[in-house]
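Q: Take a look at the letters that make up each chain.
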Amino acid sequence: MAIRVQAAAFDPGAELNALHAANVGIGAVVGFVGYVRDFNEGREVAGMFLEHYPGMTEKALGKIIAEAELRWPLLRLEVLHRIGALEPGEPIVFVGVASAHRQAAFDACNFVMDYLKTRAPFWKKENTAEGPRWVEGRVSDQSAAQRWEDGR
Amino acid sequence: MSLNVQYFARYRETLGLESETLEGVFASVDALRQHLLQRGGAWEVLAEQNIMCARNQDLCSLSEPLADGDEVAFFPTVTGG
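Order-wise, the sequence lines are chains G and L. When you read off a place in the first sequence, starting at 1, and then add 10, the result is the number in the numbering used here. When you read off a place in the second sequence, starting at 1, and then add 13, the result is the number in the numbering used here.
If you are wondering where the hints come from, they were derived from the structure by calculation, not from laboratory data. Keep in mind that a hint or two might mislead.
To be verified - To list a few chain G residues with every Cβ distance to chain L over 10 Å, as calculated: (1) Met11; (2) Ala18; (3) Phe20; (4) Pro22; (5) His30; (6) Val39; (7) Val40; (8) Gly44; (9) Arg47; (10) Glu79; (11) Glu88; (12) Ala110; (13) Trp133; (14) Asn137; (15) Glu146.
Unchecked claim - Distance ranges between label pairs, derived from CB positions: (16) Pro83(G) <-> Gln51(L): 45 to 53 Å; (17) Asn33(G) <-> Leu75(L): 25 to 33 Å; (18) Asp160(G) <-> Glu84(L): 19 to 27 Å.
Said to hold, decoys possible - Pairs of lysine to aspartate or glutamate, DMTMM-like flavour, derived with a Cα cap of 20 Å: (19) Lys73(G) <-> Glu57(L); (20) Lys135(G) <-> Glu31(L); (21) Lys69(G) <-> Asp83(L); (22) Lys69(G) <-> Glu77(L); (23) Lys73(G) <-> Glu51(G); (24) Lys135(G) <-> Glu79(G); (25) Lys73(G) <-> Asp124(G); (26) Lys135(G) <-> Glu54(G); (27) Lys73(G) <-> Glu100(G); (28) Lys69(G) <-> Glu26(L); (29) Lys69(G) <-> Glu61(L); (30) Lys69(G) <-> Asp124(G); (31) Lys135(G) <-> Glu61(L); (32) Lys69(G) <-> Glu88(G); (33) Lys73(G) <-> Asp71(L); (34) Lys73(G) <-> Glu140(G); (35) Lys135(G) <-> Glu26(L); (36) Lys135(G) <-> Asp151(G); (37) Lys135(G) <-> Glu51(G); (38) Lys135(G) <-> Glu146(G); (39) Lys69(G) <-> Glu54(G); (40) Lys135(G) <-> Glu61(G).
Every residue gets a Cβ at the ideal spot worked out from N, C-alpha and C, and that includes glycine.
Pulled out of the complex, with its shape left as it was, chain L reads as follows:
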């Protein structure tokens, strides 16, 4: 499967990356996150307890299943308003 993965705010800055295309098989958002955590270093930020995520621009839980072509985003707690 091919995924478009996006990072926002503090995560984007920490990782020095806005988005990337990833090829692989990931059963869930959390499986994708575990894969990214294996990169080590700055990627440890994705282990934060209050991480938020979205699948195809809808908030979701880490257990959300993934499908080919999905857009997945990781970001810290939102602070608008």
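Chain G extracted, bound-state conformation:
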């Protein structure tokens, strides 16, 4: 299980392939890649800056991964999140999950993203033509995370 919080760009395809490497017991790999869009909430976005809480970020992601491992039989789980300046089209986040069978990998990947969105201390500040603005949290993200509680 791996957590990486980095300013450097990454190659999602290489990350996905690396998850499967050296373990032929893996029957399923599910990957999620989140990208910077060039448009949000009615305004063009020229780029963004990702702030985080060093120390807590890694701790929060570790707790989310541990929770996923409790809920599903996983063989590998990797979370990679970028910080600092990002441009439209660049990957922000990668979650890769490997398991023997597909359902655990699909569900765990979904779960990790829902919890990351609502519990990991990252904040996006977008650069728009009208100036910089902080992205506000979405109610839909809260309800997406809530369904994993209701289902328990």
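Fit chain L to the given chain G structure using the hints.
A: Chain L only, in chain G's frame:
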């Protein structure tokens, strides 16, 4: 008790402050928040309904009790991913 209090993202910008050391007796994160709100002006931002907080780098509720040496953080809703 001595607390290390940290502010992030929009709160950090609004307050013009990243962190501070506070001396005093605070029963909970909310007691600390009420103390900070008394500063007035920009500090009103800590009255926001959807404020999030952490104690020693774990998310917590406002009712979380505090102990000497704790690191407490206040921040707006997280927006990563």
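Q: Closest CB-CB distance from glutamate 146(G) to chain L, is it above 10 Å?
A: violated, 7 Å
Q: Given the hinted pair lysine 135(G) and glutamate 61(L), is their Cα-Cα distance within 20 Å?
A: holds, 19 Å
Q: Verify the proposed pairing of lysine 135(G) with glutamate 54(G), using a straight-line Cα cut of 20 Å.
A: Roughly 13 Å separates the two Cα atoms, so the pair holds.
Q: Was phenylalanine 20(G) rightly flagged as not at the interface, with every chain L Cβ beyond 10 Å?
A: Holds: least Cβ distance 15 Å, greater than 10 Å.
Q: Run the distance test for lysine 73(G) versus aspartate 71(L): straight-line Cα separation, threshold 20 Å.
A: holds, 9 Å
Q: When you check the alpha-carbon spacing of lysine 135(G) and glutamate 61(G), does it fall within 20 Å?
A: Judged against 20 Å, a Cα distance of about 8 Å means the pair holds.
Q: For the pair we were handed, lysine 135(G) and glutamate 26(L), check the Cα-Cα distance against 20 Å.
A: Satisfied, since the Cα-Cα distance of roughly 12 Å is no more than 20 Å.
Q: For valine 40(G), which was marked as not at the interface, is the minimum beta-carbon distance to chain L over 10 Å?
A: Holds: least Cβ distance 16 Å, greater than 10 Å.
Q: Has the given pair, lysine 69(G) with aspartate 124(G), been kept, meaning a C-alpha gap of at most 20 Å?
A: Given pair lysine 69(G), aspartate 124(G) holds - Cα atoms ~17 Å apart, limit 20 Å.
Q: 25 to 33 Å was suggested as the range; check whether the CB atoms of asparagine 33(G) and leucine 75(L) agree with it.
A: violated, 44 Å
Q: So histidine 30(G) supposedly isn't at the interface. Is its beta-carbon more than 10 Å from every beta-carbon in chain L?
A: Holds, since 23 Å exceeds 10 Å.
Q: Checking the smallest CB distance to chain L, is asparagine 137(G) really beyond 10 Å?
A: holds, 15 Å
In summary, the structure is inconsistent with hints 8, 13, 15, 17, 18, 19, 23, 24, 27, 28, 29, 34, 39 from the numbered list given earlier, while agreeing with the others.
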